[in-house]
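Heads up: the sequence lines are chains A and B, in that order. If you're matching positions, the first sequence starts at 1 in full-length UniProt numbering and goes up one per residue. If you're matching positions, the second sequence starts at 1 in full-length UniProt numbering and goes up one per residue.
Where hints are given, some of them may not hold.
[As the list claims (entries may be wrong)] The following label-pair restraints were derived from C-beta to C-beta distances: (1) B:211 with A:117: 53 to 63 Å; (2) A:40 with B:257: 51 to 61 Å; (3) A:111 with B:327: 39 to 49 Å; (4) A:289 with B:200: 48 to 58 Å; (5) A:204 with B:304: 27 to 37 Å.
[What the hints assert, rightly or not] Derived coverage of chain A by chain B (criterion: at least 3 residues anywhere in the stretch with Cβ under 8 Å from a Cβ of chain B; other residues may be distant): (6) 56-70; (7) 96-105; (8) 145-151.
Simulated from the structure, these hints should not be mistaken for lab results. Note that CB positions come from ideal geometry on N, CA and C, so glycine has one too.
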Amino acid sequence: MTDATASAAPDAAPRRGKSIVTQDTNTRKRNAAEKRFQTYGMIAIGIGVFFLVALTWSILRSGLPAFTETAVTVEFNLSQEQFDEAESQVLKTAAYEGFFVRALQAQLNEEGAGDVQVEEDAVGRIMGNVGSQIREFYRANQDQLGQEVSFTVPASSRVDRYLNGALSREDLTNSRFLEPEDLDIVDRLVDSGVMANAFDWTFITGTDSGVDNPGGAGIGASVIGSFFMMFVVLVLALPIGVAASIYLEEFAPQNKFTDLIEVNISNLAAVPSIVFGILGLAVFIQFAHLPQSAPLVGGLVLTLMTLPTIIISTRASLKSVPPSIRAAALGVGASQMQAVFHHVLPLAAPGILTGTIIGLAQALGETAPLLLIGMVGFVARQYPDGLASGLLDPNSAMPAQIYTWAARADPAFYEKAWGGIIVLLVFLLFMNALAIFLRRKFERRW
Amino acid sequence: MKSVTLTVSALAIAAAAPAFAQSRENVQVAGSSTVLPYASIVAEAFGENTDFPTPVVESGGSSAGLARFCEGVGENTIDIANASRAIRDGEVETCAENGVDEIIEVRIGYDGIVFASQQSGPEFGAFEPSDWYSALAAEIPQDGEMAANPNSTWADVNGDLPEVEISAFIPGTKHGTREVFEENVLLQGCEDTGAYDQMVEMGMSEDDAEAACMAVRTDGASVDIDGDYTETLARIESNPDGIGVFGLAFYENNTDTLKVATMGGVEPSTETIASGEYPVSRPLFFYIKKAHIGVIPGLKEYASFFVSDEIAGPGGPLANYGLVPDPELADTQQKIENETTMSEEQS
């Protein structure tokens, strides 16, 4: 201030070293400090961006192969006798697979006349688990028996990794599952167009598969499991959370008891999720006798976890509605409840929705509590056929499914786990984008 | 107003939920992470080849699985516990106290425990149990006294082994594999080196000496892995000198990154384990709650499907994945057929 008035005064001679044209030492120092601070900030952002890019790159690089599969398209003919023979066995799918492998072997030997004979075992190693697909087809279409049918079936996971470049010929030392010579047959099949890379719809729509069948694994069923859990969370946590916060914010008297409740809600938001898992096991499964591995129980546990988040964000958005709105409503004769429900709540709704969606997104990515209520393991095997079965039949959730896959021996499942992460991130991105959109669209500023 | 109605209806749903917890239709299995891969193969095939729903198989470790198994009888308890070791007497007692007094023990086959290191790492080649004891023991008898393990490289332990830091990744105590590792490798090595006899001479009781043999050093040379073999694999991949303890099936699935060392001069394979030449193997089990047979649909069928020749026998999908078939499979099939419980077996 003194500088400004001094230079503003017309007659005052400029003091030595205080010119506004040249910077004095002090100003230079302050400007340099600001420059430095800005550089620190940019470095910090740069580090953040670098890690984000590195993370995205490594996720995409490891996960994208999970969305494609190597498929073999061949004509296949199954006779009525073969069908009856396969159906009479204990392991029917293996019988179908045997017929298919022998048919493909015969076809390969016929085409490559003069070359080395292709062994049955080699064809078996190249092909994935195809028995179940073939059995399902013929059980549904018995009229197709004895006719040429074109099948598109998956090749084994190691052939897939070889064609992706994840596995080289040199890596195949001492492996029972694929031998270097088998790759000659693979190359031949690729050249003749029988074997090709295709989008793996099974990964999107399928269910979990056994450890020896990575080609048949899909995340679809666990997406539905996650969806049912989020449904339970939304139906329970939103009304309970909103009602609790409206009461606490607008009606409850300020006393020791409500203070205690407030402190506890804030503490609850910081409780590790595994604690809710063990609580869920004790209360919902052991005491209330709800079924294990059921999305209903998962949803209830995640509701407990999400409630504090929703209550805190709802109270914050109720607080941000100016008191003048309430005063005006009360002034024209509205009751307290009318003022809240007709005026305050609609204005706070965007904030409540944003908080709810963020809470749901957090719950969607939660694995720890699901470990204890039986949703981790070989669970996500079938699609539910209705609301009740969706809530009560055993199912998994996306993060639990990813965790399960990451623990399996076959490296192809590791790839699937990365692919599952991409699917999960797409859902989270979508939910966060929705939250931002709602906030931008309905937010009001005073 | 709407919000209040919603709250009321939501509470009503929550209250009504136990009412529509219908009878369970699928078999529930939990337990050993070593048995889990085999159980998931069987469960998938069971769902595909029969009209029963696919059983649910959870992981968590043998002890955790058996603890849940022993919680009691009823639809909200598991039907089958997978275990990579036999059930302990204490667990049988806990089971009996909670009303689970009829248990059928099913041995599905054998699993080898192998010692593998990074493909491009040092050449470990051949191990003896004594090498592992000398490398991992917490205290070793020296001049009539117990002293902290002085060995820091494998070459200190055995001149034939490479001169690299001892860095071993062994299964944590919650795994059934740990018990086998302690008994067949550490205890065996302790006896082979004569350390056990020295300890007894020093005046230790036999139990104390055994416990001292199996006590693993905690100075960082040996790391307990409580997770799955994938965690061990990740540790090995980031540490070229590391050596890890794996199941045979896991190793066979990852021969492109791992190489295996022999134990006692024998290379681990399905054949050497079946013949008993390879010293470190253990039987795998599952335990059925007899009270649930006939109540949970498909329980007995799942058990007989599991041990059928087509599944658990030589050439079946389990053997293909790395399980060593049980030569006495026919007896096991008979046992399930007759629903012979453990107490009936003993009498």
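Going through the hints against the structure:
{"no.": "1", "hint": "B:211 with A:117: 53 to 63 Å", "result": "59 Å, holds"}
{"no.": "2", "hint": "A:40 with B:257: 51 to 61 Å", "result": "42 Å, violated"}
{"no.": "3", "hint": "A:111 with B:327: 39 to 49 Å", "result": "42 Å, holds"}
{"no.": "4", "hint": "A:289 with B:200: 48 to 58 Å", "result": "53 Å, holds"}
{"no.": "5", "hint": "A:204 with B:304: 27 to 37 Å", "result": "35 Å, holds"}
{"no.": "6", "hint": "56-70", "result": "violated (count 0)"}
{"no.": "7", "hint": "96-105", "result": "violated (count 0)"}
{"no.": "8", "hint": "145-151", "result": "violated (count 0)"}
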